Structures are given as C-alpha cells and as structure tokens.
Amino acid sequence: MSKRGSILHAMTGAGDLRFRGAGDVITESLSVYGIQVIRSTGEFWTARQRQGSSLHEVSYRGCFKPQLPAYFINLLTKPSDLVYDPFSGRGTTVIEAGLLGRAVAANDANPLSRLLTRPRFFLPDTADVKSRLEAIPIDTGAGAEMDLSMFFHPGTEAEISSLRNYLLERERDGDIDHVDDWIRMVATNRLTGHSSGFFSVYTLPPNQAVSPMRQIRINQKRDQVPPYRDTRALILKKTLSLLKDVSEIQKERLRKSGENALFLSGDSRRTPGIGDGTVQLTITSPPFLDVVQYSSDNWLRCWFNGIDPGTVEKNLTVTRSLPDWRKVMQQTLYELFRVTRSGGHIAFEVGEVKGGTVRLDETVVPLGVRAGFSCEGILVNLQDFTKTSHIWGIGNNAHGTNTNRIVVFKKEG
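The sequence shown begins at 16 in our numbering and counts up by one.
Just so you know, these hints were derived from the structure itself, not from any lab. Be a bit skeptical, because a hint or two may be false.
[As the list claims (entries may be wrong)] Heads up, simulated DMTMM-like pairs for lysine to aspartate or glutamate below, C-alpha to C-alpha not over 25 angstroms straight-line:
1) Lys271 - Asp291
2) Lys253 - Glu267
3) Lys266 - Asp96
4) Lys253 - Asp96
5) Lys271 - Asp192
6) Lys259 - Asp140
7) Lys266 - Asp190
8) Lys329 - Glu160
9) Lys266 - Asp195
Note that the coordinates shown come from a computational prediction; the quantities given were computed from them, not determined experimentally.
Model the full assembly from the supplied sequences, consistent with the hints where possible.
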C-alpha cells in the first residue's frame, strides 16, 4: 500500500533517516526475502541542484551524477567525516566529498580510476599547465606501436605519443608532479570522442574507444578522415573548462582532503589500508551484470598510460552470472561492515538489468543485512532523459541506468 509523503519524508517506520527536498514522495512497504523494507520513490534533487561542479566533467561510462553523493553527504555526514567509495570509477563520490570538506578514501580495481581522480584534488594554475605543455618536446616522427590511423591524424598521433613517452619516463624516474598528473588526466579524458574537443576524429560512444575495425566502419559510413587536432590547445581548453567554477575555498578543501586521502587500486573485498570503524559514509555503484565492459571500453586509455588492459580485465567485477555477482557483493559488504563506524551509513546504488527483469536493489538488501547492517530502505530517484541515454539507446524506465535505485544501510550501535 502506497502513500504520498511531504518534503520531510521518513523513509523508515522508525523515522530516523529523513530525506529532504524531494517534494512528493511515494512510499510503499514490501517484503524482500522476508525483510520488511520501505521503498520511497520521487525526484530527490531539484533542477538547480542538478548543476554539478565543472570539476566532475570527466567522461567515464557507467558513473552516477554528482548530485547523488552530494545528497547523501550533506544528509549523513559533517565536515572532516570520512567518505568512501569501493568502486570509485571516475571519482565522483570522493571529488564531491572533497568539495564539501570531507575526508576521502577511494578504491577501484581499474588503475585508470586513480589516474583520473587524484589530480583533481591538487588543482594547478592554468599558467603552469600552459608552460609545462610548451616545455614537453614533440617528436614529429613518434607513433604508437599499433595502428591508430583510423582515430588520429599523423601529426596528432605524434603529439599524443610524445606526451605519452614524456609522462611514462617522468613516472619511471620518479619525477612526475601534480602538473604532469593533471595533464595526464586531461589527455586521457580527451583521447577519443564525438566533437572537435577531442584528439580523435568523430567516434561513438563519447570518449570510450571503440575497436579499430569499428572505427574504420564509422569513418567509411561518415566519409571522414581524422583531421589534425592541436593537443596542447585542447588540453588547455579542457583545463579551463574543468576549473571554471571551482572557488578558492573549494580548491583549499580539495587540497586538504587530498593530502590525507587514500587512493587504492585493489579488490573491494580486501582493503587493509582502511582502518576498522573509520568510515562514516560509503556511497558507491558497483559494476552491474556485464552492463559496462570497462576493459574493452578503455583499451586506448590503458595504452596511453602504459597499463595492460588484459591484467585490468582480470581484476574487474564483470560477470553475467547473478550468483557470482551476489557473492562478490556479499564479500564487499562484509568488508564495508568492518570499516564502517557505528552509526555510519552505506548508500549502495544499483539498477535494473536484463531488460528490467532483475532489480539489483532487491538482490542487495539481504546481502547487507547478512553482513550485519540494518536496511533503512530503498530510495528510487526518477531522472529525466539525458543525451547520453539517447546515444546508448536507453529508453526511459525501460532499461539501463535512467533510474537510480539506492539501498541505504546503517551500522547500528
């Protein structure tokens, strides 16, 4: 039986977790594997709140918007509390936490996650980025060890390869600094995409490298050849875009958070670097059932950063099997129970997969309870269409990630 809630809505019968700003909220009581749970459905952040910081604008398939972590961080933490994401992706949770003055810990089995996240805690001056780019030598004869001619103009490829060689050498020699880190992050983000703001010719999906053969077909269909792109100019342009609305106060907050941050590249089920009972809030979105193929999506990014994509793929939680996925999530939740403070929370965002026939929120509820948490409820945030949804062919409320389903757990005590 459902009812309509008010702006201040008690998500559970106990009323100890309340959600603000949602307007009308529809609540229903349901039994999930014998566990009584309240599910609340509504639009939990306003149009104004959907304008996230420019610093988040790093393309990474399969990530949630920054308004989701902002909502829970503001609700369930105070400044200096530790916020954690065991499946960090592009770093949305911890970047938002840093902007809000929280301590942060991030983990992801994909090493690209750290390369895309950590530099955004130590923001460089634009002038320093410009001078560093001008100082990096370009070998006009440089090229990749593989054929990338379907993506890049020869001049562009020479610039990319020269930058890659410079960064790998600096890292190998232990000389890489926060400006180099920033340039590497931006260049990784600009490798391929759907506009002249990327290094490549037009390609889909946005900033996720398709295979060379598929790109050849795209080029033939569009009758296109890769034009020259000025990589230095594009890196500087993206730098200005990322930094455009970050205030001095936010820069200082990020720096302080970053100085003591944990950036882990390992298994979510084993995080010995995080102490017992230290995390106030975990906000995460684990890999769904083979919805996102992280390694194949990121093969070109891996090449640029000297990472073996095959090794990455072996370490990622990508499975077609619901029982296997459930097992990994169970072990992850046991580990989250260890690191969570008494009174701390988890916001575990999942979706509908297999055409909507599998609702992972209902799958996750008993896993968290078995790990020792109480389930505070399920929050379903209804989103509007986005351009990305149309690009991927995701229909509204049909399948895909258009609706956020967030299971909220609490560690009692």
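Evaluation of the provided hints:
The straight-line distance between the Cα atoms of Lys271 and Asp291 is roughly 23 angstroms, inside the 25 angstroms bound, and the hint therefore holds. Restraint check: the Cα-Cα separation between Lys253 and Glu267 comes to about 21 angstroms, which is no more than 25 angstroms; the hinted pair holds. For a cut-off of 25 angstroms, the pair hint linking Lys266 to Asp96 stands: about 18 angstroms separates their Cα positions. Taking the CA atoms of Lys253 and Asp96, the gap is about 31 angstroms. The hint is violated against a cut of 25 angstroms.
Between Lys271 and Asp192, the direct Cα distance comes to roughly 17 angstroms. Compliance with the 25 angstroms bound is thereby established for this hinted pair. At roughly 12 angstroms between alpha-carbon atoms, Lys259 and Asp140 fall within 25 angstroms of each other, so this suggested pair holds. A hinted pair counts as satisfied when its Cα atoms are at most 25 angstroms apart, and Lys266 with Asp190 qualifies at roughly 24 angstroms. Taken as a hint, the Lys329 and Glu160 pair is honoured in the structure, with Cα atoms around 23 angstroms apart against an allowance of 25 angstroms.
A hinted pair counts as satisfied when its Cα atoms are at most 25 angstroms apart, and Lys266 with Asp195 qualifies at roughly 18 angstroms.
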